[in-house]
Every structure is written in structure tokens, then in C-alpha cells.
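Chemist: Read top to bottom, the protein sequences are chains A and B.
In this text, residue positions in the first sequence follow numbering that gives the first Met the number 0: the first is 0, and each later residue adds one.
In this text, residue positions in the second sequence follow numbering that gives the first Met the number 0: the first is 0, and each later residue adds one.
Honestly, the hints are just simulated from the structure, not real lab data.
Since we're looking at a predicted model, the values are computed, not measured.
Treat the hints with care, as some may be off.
Covered stretches of chain A, going by a simulated chain B footprint (3 or more residues, C-beta under 8 Å) [said to hold, decoys possible]: (1) 73 to 79; (2) 85 to 91.
Lysine-lysine pairs mimicking DSS-like chemistry, simulated, CA-CA at most 30 Å apart [claimed, not checked]: (3) B:Lys2 with B:Lys77; (4) B:Lys77 with B:Lys32; (5) B:Lys173 with B:Lys32; (6) A:Lys61 with B:Lys32; (7) B:Lys2 with B:Lys32; (8) B:Lys194 with B:Lys32; (9) A:Lys61 with B:Lys194; (10) B:Lys164 with B:Lys2; (11) B:Lys77 with B:Lys194; (12) B:Lys2 with A:Lys61; (13) A:Lys61 with B:Lys77; (14) B:Lys10 with B:Lys194.
Just some of the chain B residues that point at chain A, by a computed CB distance under 8 Å [said to hold, decoys possible]: (15) Arg149; (16) Leu191; (17) Arg192; (18) Ile193.
For each residue, glycine too, the CB sits at the ideal point set by N, CA and C.
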Amino acid sequence: MNLFRLFKQSRSAPVARQRLLILLEYERSAVIQTDLIAVLREEISAVVGRYFDADPNTVKVKEVRGATGLTVAINVMIPNRAYATAIARHPSGEGISSPVYQ
Amino acid sequence: MGKVVVVTSGKGGVGKTASTAALGAALARGGHKVVVVDFDVGLRNLDLAMGAERRVVFDLINVLQGTAKLTQALVRDKRLETLYLLPASQTRDKDALTEDGVARVIGELRERFDWVFCDSPAGIERGATLAMRFADEAVIVVNPEISSVRDADRIVGLVDSKPLKAETGEGVNKHLLITRFVPARAARGHMLRIKDVLEILSIPLLGVIPESEEVLRASNVGAPITVCDRDGAASRAYVDAACRLNGEFVAMTIPSDNKSLLSRLLGWRAA
Numbered sequence: 000m001n002l003f004r005l006f007k008q009s010r011s012a013p014v015a016r017q018r019l020l021i022l023l024e025y026e027r028s029a030v031i032q033t034d035l036i037a038v039l040r041e042e043i044s045a046v047v048g049r050y051f052d053a054d055p056n057t058v059k060v061k062e063v064r065g066a067t068g069l070t071v072a073i074n075v076m077i078p079n080r081a082y083a084t085a086i087a088r089h090p091s092g093e094g095i096s097s098p099v100y101q
Numbered sequence: 000m001g002k003v004v005v006v007t008s009g010k011g012g013v014g015k016t017a018s019t020a021a022l023g024a025a026l027a028r029g030g031h032k033v034v035v036v037d038f039d040v041g042l043r044n045l046d047l048a049m050g051a052e053r054r055v056v057f058d059l060i061n062v063l064q065g066t067a068k069l070t071q072a073l074v075r076d077k078r079l080e081t082l083y084l085l086p087a088s089q090t091r092d093k094d095a096l097t098e099d100g101v102a103r104v105i106g107e108l109r110e111r112f113d114w115v116f117c118d119s120p121a122g123i124e125r126g127a128t129l130a131m132r133f134a135d136e137a138v139i140v141v142n143p144e145i146s147s148v149r150d151a152d153r154i155v156g157l158v159d160s161k162p163l164k165a166e167t168g169e170g171v172n173k174h175l176l177i178t179r180f181v182p183a184r185a186a187r188g189h190m191l192r193i194k195d196v197l198e199i200l201s202i203p204l205l206g207v208i209p210e211s212e213e214v215l216r217a218s219n220v221g222a223p224i225t226v227c228d229r230d231g232a233a234s235r236a237y238v239d240a241a242c243r244l245n246g247e248f249v250a251m252t253i254p255s256d257n258k259s260l261l262s263r264l265l266g267w268r269a270a
């Protein structure tokens, strides 16, 4: 009888592990996102905006905490149309003001 | 200058208070001067874990407000002469905890003791952030269970941002203490394995405390488990964890399920 029970009960810990991995990936990027990361995202959006007429929301900044440190993944998606107009307007990059940082 | 260690978890009931008492007493047994400070204002329990509830006269809030001196509020342990308790207030409002006041008291304790353990209240509110504010080290207590791991993950985020040492860029050393581990359940796939918890939280492991009746017994009699039950598996695991906190190298032993396959098949199962 116990032999059957041993195999019949499905293991629940792997389910818990999987749920945690999915949940924490979301929570680490959404809940724990610091103000600093928000500022970084704003600045990158502004720089991208100087080159391309793209929606500022095309810049995605995601932080993933690991054993050795924080990985900040910056993902910029330029739509085909914005890329084409930018190239047509400034083929050599001339006429684009360089950013000035203090 | 003593070291300040915050014992925190986010979730309640995972064993913060018992762990604070056990680690503090283990270091005091080794001759260190240790004070355990209860930050759970309004719901103090560390006095019970230390068996000092009837000897509390003044508390942390009295010291913060200047109505008592630190030396008047410190309660010396009955069994270990280098172990002291600074109790929380049971009645007063937790708004009485101010950052300046806590800074002053922790500063004074640092000068008198080798180790200052701050037992954090559950949650992520002001009491919990103040408990970790002046910490050098953080012990994050977690049960191998889904909600505890999730809350521990939030606490890791706080430990990375709220303490003074996080703001200055120095950082607080984090240590993971897994409590209430039941090897038989993990072996059967009904409890998260140590490996899973470590992989998810990615913090260095300080120790694994097996689920034990002795922990409840210690709480019943009001003595840290490392004092009243020196030979039990849980007690020894706490002593090892305390040594690691002190920078000593102690090989990590993960409690294992010692039952033979035959006895398991026959249904002699502990959990």
C-alpha cells in the first residue's frame, strides 16, 4: 500500500519552485525597481530621442539581481520607420547635437 | 567596536526571535560580550525567548526618550554572564522609535559589546527598516516554503537599500539562515530543497536548522536552544552558524534524511 502511495503522490516542491521563479522574476523587475533605475531610463530615453523619433517607451530597463551583482539590462527597440527617417535626415550623423554632461 | 547584526525575514513566525537568542547565546558561550535588542515595539517576545520576562524594568523606548539609562534597561542573562538583553516596550507606540535615538543607542551598545543583535519585527515597515539601519551584517531567516522565500526576497531588496552602510556604498553582508527544514519532506519532494532556496535567493548560506521539538521546548522553558540543549541537531546547527558569523570556517552540514529505503517503504515515516 505504501509502495503505491510513494509513487502516487506527485511532488509539490518543484511546483513551488517554479511558481517562485516566475513570481520573483516579475516582482524583482516591477516592485523593487528603484528610483535610480527610473532616472536612468529617462536619461537613456532622452538620448535615444535625439537620434530617433521614437516613443520614449521603446527603452526598457530591467534589473536582475544575481549572486555577484546587479545586471541592468537595457533594451532599446527602434521601429523600422523611425530608423529610416533618422537615416534619411542625418546620413552621416551631422546636425545632431552632442549631449553635454556636467 | 562591536558588530551590529540585524536578524530579519519579512514574514512572521519563521524563527527570527528564537534565532536571535540562539546565535547570541552561542557567541556569548564562546566568551564574546553580546547584547540582543528587541525592535518589535508593542509585540515584544525576545524577553520570553531569553527567559527574562519577569526581570524587565526599563526598555528601549525608555532609553530613547531619556527616562532610563542604558545600563538600567539592560537585563543580564541568568546563565551566561556576557549575554545581555535590551527589551522592547510592550505598551508604547512604535512611533517612539526615532532614527536619531536608535543611532545613539546602537552607538553606545557598539562600544560596550562585541556583538549587537537586532531582532527585527516582521513586515517591511519602519520598525523593520530601523532595525537594519545601522547594521554591518544581516541574517535573513527563511523557511523552505513559498511565502517565506518570497518575503525574504523583498527583505534582500531592503537590506541592499535601507541601511546606512548601503547608502555609503560599503554594503551590508547578507547571510541566509534556513530554519524549520525537514529533510524527509524535502527528500520526498514536498519541501523546497536547500539548493532551490539558495538558487532563488542567491545569498551565502549561514546555516540550516532542522525542524526540531527542542526549539519549541527551548521557547517553553525560556532559554536559548544553544544554552538549554547543547547536543541536539538544531542547537549544534546554531552554534556552527554563530561560528561562521564570527568568520570561522565550519564545514556546512545539510541535515539529511537518515531513514533507510526499507523503513520508508514500510511506512515508518516521521513527517
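Chemist: Are the hints correct? Go through all of them and say.
Modeler: Hint check results:
| no. | hint | verdict |
| --- | --- | --- |
| 1 | 73 to 79 | violated (count 0) |
| 2 | 85 to 91 | violated (count 0) |
| 3 | B:Lys2 with B:Lys77 | holds, 23 Å |
| 4 | B:Lys77 with B:Lys32 | holds, 14 Å |
| 5 | B:Lys173 with B:Lys32 | holds, 22 Å |
| 6 | A:Lys61 with B:Lys32 | violated, 44 Å |
| 7 | B:Lys2 with B:Lys32 | holds, 11 Å |
| 8 | B:Lys194 with B:Lys32 | violated, 34 Å |
| 9 | A:Lys61 with B:Lys194 | holds, 26 Å |
| 10 | B:Lys164 with B:Lys2 | holds, 13 Å |
| 11 | B:Lys77 with B:Lys194 | violated, 39 Å |
| 12 | B:Lys2 with A:Lys61 | violated, 35 Å |
| 13 | A:Lys61 with B:Lys77 | violated, 52 Å |
| 14 | B:Lys10 with B:Lys194 | holds, 21 Å |
| 15 | Arg149 | holds, 6 Å |
| 16 | Leu191 | holds, 5 Å |
| 17 | Arg192 | holds, 7 Å |
| 18 | Ile193 | violated, 11 Å |
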